[in-house]
Amino acid sequence: MADYQAPLRDMRFVLNEVFDAPALWASLPKVAEHVDPETADAILEEAGKISSGVLAPLNREGDEQGCKWNDGEVTSPEGFKEAYQTIVEGGWNGLGGNPDFGGMGMPKTLVAQFEEMMQGANMAFGLAPMLTAGACLALDAHGSDELKEKYLPNMYSGVWSGAMDLTEPHAGTDLGIIRTKAEPNDDGSFNVTGTKIFITWGEHDMAENIIHLVLAKLPDAPKGPKGISMFLVPKFLVNDDGSLGERNSFSCGSLEKKMGIKGSATCVMNFDGAKGWLVGEENKGLAAMFTMMNYERLGVGIQGIGAAEASLQSAREYALDRIQSRAPTGAQQPEKAADPILVHPDVRRMLLTMKSYVEGGRTFSTYVAQWLDIAKFAEDDERRKHAEGMVALLTPVAKAFLTDRGLDTCIMGQQVFGGHGFIREWGQEQLVRDCRITQIYEGTNGIQALDLMGRKVVGTQGKLYELFAQDVANFLEENSGNDHLRPFLEPLAAAVERLDDVTEHVIKQAGDNPNAIGAASVDYLDLFGLTALGYMWAKIVKAAAPQADSDTSGFYSGKLKTARFYFDRLLPKTVSLAEGIRSGSDSMMALTAEEF
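Start counting the sequence shown at 472; every next residue gets the next number (the numbering used here).
No wet-lab data here; the hints were simulated from the structure.
One or more of the hints may lead you astray.
[Claimed, not checked] Lysine to any residue pairs mimicking SDA-like chemistry, simulated, CA-CA at most 20 Å apart:
no.: 1; residue 1: K934; residue 2: R854
no.: 2; residue 1: K746; residue 2: L715
no.: 3; residue 1: K501; residue 2: E859
no.: 4; residue 1: K652; residue 2: F669
no.: 5; residue 1: K539; residue 2: L726
What you are looking at is a predicted structure, and each value in this text was computed from that prediction instead of being measured.
Let the sequences and hints guide you as you build the complete structure.
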């Protein structure tokens, strides 16, 4: 198996040449205070060293050892604690954090690249900083000044980690039926009681304290999701001077035995009157949670890209080295017993599909991160509101499409290896197992599709969708005279028109048919995602084409040829998806329960 290497060349290309991120950062005063091109490049370089040199070597051993549970205490795999200290010492936990409380204030467009490296190198480990960043985000946005001052500095530094406690045995997607309760105390704190499951890194030995953000219901809370509040519940209580006090009244009851990400601790957490503090307003816990979820859902999409990149690197190396049979056009390396399998069209189909989704997906995740930066930091209200709309629309696409294609890519990488892909020592089977969870947590991909189709498209009567459609239309108009782009603009315009028509069709259907949204949603998200990646590949062509003729490395010319493959072989899938959506829900809903 190839050793994971951070794809720094491609990340720099996406940031600097496709999106001109430095110009974006300069237009956002709160960002410009903290980052410039030189700082960004140094961060990328160091992140690459840590990911490739520290985290990646622990990935396989972490999977084989897993975390260990003993009487409520959890021990992380060998080397994880030391690697976590490396992250802490470098300040990586607070890379995107609020500078007022010790964070570095870096933009999401830059942070996203570090996240991909970390997740591609070691997803199980990478979940720990990821969950801490999410908890910090929610606390910073909704917590009181007192809570922020008391907890955020140590969380940004990584001395304390964070966890999000949402799911219960009977309540996953439907959080409105959670049973965890919070009883008020006279001192302004609350006693939290209940059981939470699937809590990633809810207990471990890497940090001095673990700060849980727990969803619970107050005694007089309204029924359903409008009755959920969020509480900060630390593993160890924190004294007024910042020192750690006694252990709080909750513990890890067990660790889940999982298909993948075995190096991470997925915990059952039992709260028995644990002391906690309200974050935000009473009964507004879902709003606080979704502040974090928009960032985390993009982060999960980035996990899909990271795993896919790791799979691509190994499959590419194997295809260049493994010899089997001769090329259809005759021997390419007659001095050897056979040719490398890269000569075979089907192997190239797999590798090019992987490359298309990885590099197009990286561009799309950066595109979404760009809108997150504008939504968070823009000082112009209209610009910020526009970006917020784009974030709302694109987040479910980033989460679901990138993880669906991430798993597809890992499976293709495994297939390139043939029988060796099924064998543990080559690493591809672990990537398949690890990547599988990305389609499930932070809201299953079916739920993401319902969110996109139901809330973001039909629920706004297409208004949010029009933001994206207009962005593509502007690109098409602005580049209509670009000779390099001409072969790509017409098929991109056709794909967007197809998406326009299907969007209008489902909005009309939904008025009369309650099943229309659910029947269309998953195919619609795929149609949207394929079209969006077509837009990204057009942007890539625009940036790469002027450099291709003078490029001796093959980097830019490779971009153009991969774009051609995407437009020839993958974008046409939008035609069949559109036809399926137009068929409606009748055949899907026709069978009775007995007929199943």
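Hints versus structure:
Distance restraint check for K934 and R854: the Cα-Cα separation of roughly 16 Å lies within the 20 Å cut-off, and the hinted pair is therefore satisfied. Using a Cα cut-off of 20 Å, the hinted pair K746 and L715 holds, with the two alpha carbons roughly 14 Å apart. Our distance criterion of 20 Å between C-alpha atoms is met by K501 and E859, whose separation comes to about 17 Å. Our distance criterion of 20 Å between C-alpha atoms is met by K652 and F669, whose separation comes to about 18 Å.
For the suggested pair K539 and L726, the alpha carbons sit about 8 Å apart, so the restraint of at most 20 Å is met.
Of the numbered hints given earlier, the model fails none.
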